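**Q** If you want the building blocks of each chain, they are given just below.
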Amino acid sequence: MKLLLWALVAASICVSACTAVAPYQRGYLARDDMALEGNPGFAKAIEKTFAAKEAASGGASVGGGGCGCN
Amino acid sequence: MRALGCALALLLAPGAFALEAGGAVPELAVARLEEPAQALSLASLRGSVVYVDFWASWCVPCRLSMPALDALYKQNRARGFAVVGVNKDVSVADARRFLVKVPVTFALASDAQDAAARAFDVKAMPSGYLVDRKGIVRKVHRGFTAETAETLAREVEALLKEPS
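Chain order of the listed sequences is A and B. Note that the working numbering has the first sequence beginning at 1, numbered continuously upward. Note that the working numbering has the second sequence beginning at 1001, numbered continuously upward.
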């Protein structure tokens, strides 16, 4: 039991070490070079193909910076 | 049990310092956006009703909030209302490009080292902190809609009527 608790403490320290992107730092994520696919035309084509094959759309990046306000 | 308490404290630590209504406005000075050598001290605005707004060019609701805040500022500045727009763009050029499309007349500041954003613990963009004449945060607005603009106008009016 004691070991489990210390493992939990160690895990908590590890989790706290993870750095989340603060809402005010999302300008870095809005940069073009942060996109998963650098070519916007190609990204659109891939998204369209995915929507046609899977009969589902969404989940990809959208316009705007993801301000976390909603 | 002590270890469990310690673990919980560590997990909850990042969210423990949010500035909410009732808290004192942080005593800090921010650099002016166009003249970084000049500092704008929030303490120097004590006695005025102040709205500290965190904005960025990539923040979509800021396209709505900035003109609304400018209109509110122009309407009430003679009565002791001030707006400080703290920019959170990575580059000042992005902010300038935005301001060409959405010009404003209130004071603008930059926060390159995130000191102000950390002091206010900004949770969303835009975030606005309405501060009364005594330096106490009376209302926090996270996000911005047309409804926020109406609510804010009423809140500013009420705070301007309060004695300093």
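Where hints are given, some of them may not hold.
Beta-carbon label-pair distances, calculated as ranges [unchecked claim]:
| hint | chain 1 | residue 1 | chain 2 | residue 2 | range |
| --- | --- | --- | --- | --- | --- |
| 1 | B | K1161 | A | C14 | 24 to 32 Å |
| 2 | A | V21 | B | S1164 | 34 to 42 Å |
| 3 | A | M34 | B | R1046 | 36 to 44 Å |
| 4 | A | D33 | B | K1134 | 44 to 52 Å |
| 5 | B | Q1075 | A | L5 | 53 to 61 Å |
| 6 | A | E54 | B | R1063 | 46 to 54 Å |
| 7 | B | L1028 | A | R31 | 23 to 31 Å |
| 8 | B | A1158 | A | K53 | 52 to 60 Å |
| 9 | A | D33 | B | V1100 | 19 to 27 Å |
| 10 | B | A1021 | A | L5 | 34 to 42 Å |
| 11 | B | E1020 | A | L5 | 47 to 55 Å |
| 12 | B | S1041 | A | E54 | 52 to 60 Å |
Just so you know, the hints here were simulated from the structure itself, not pulled from any lab data. These figures come from a predicted structure and were not determined experimentally. Using N, Cα and C, we set each Cβ at its ideal position, and we do this for glycine too.
**Q** If a hint holds in the structure, say so; if it does not, say that too.
**A** Going down the list of hints, with the structure as the test:
no.	hint	in the structure
1	B:K1161 - A:C14: 24 to 32 Å	52 Å, violated
2	A:V21 - B:S1164: 34 to 42 Å	40 Å, holds
3	A:M34 - B:R1046: 36 to 44 Å	40 Å, holds
4	A:D33 - B:K1134: 44 to 52 Å	46 Å, holds
5	B:Q1075 - A:L5: 53 to 61 Å	59 Å, holds
6	A:E54 - B:R1063: 46 to 54 Å	33 Å, violated
7	B:L1028 - A:R31: 23 to 31 Å	27 Å, holds
8	B:A1158 - A:K53: 52 to 60 Å	56 Å, holds
9	A:D33 - B:V1100: 19 to 27 Å	24 Å, holds
10	B:A1021 - A:L5: 34 to 42 Å	37 Å, holds
11	B:E1020 - A:L5: 47 to 55 Å	33 Å, violated
12	B:S1041 - A:E54: 52 to 60 Å	55 Å, holds
When the structure is compared with the earlier hints, violations turn up for hints 1, 6 and 11 and for no others.
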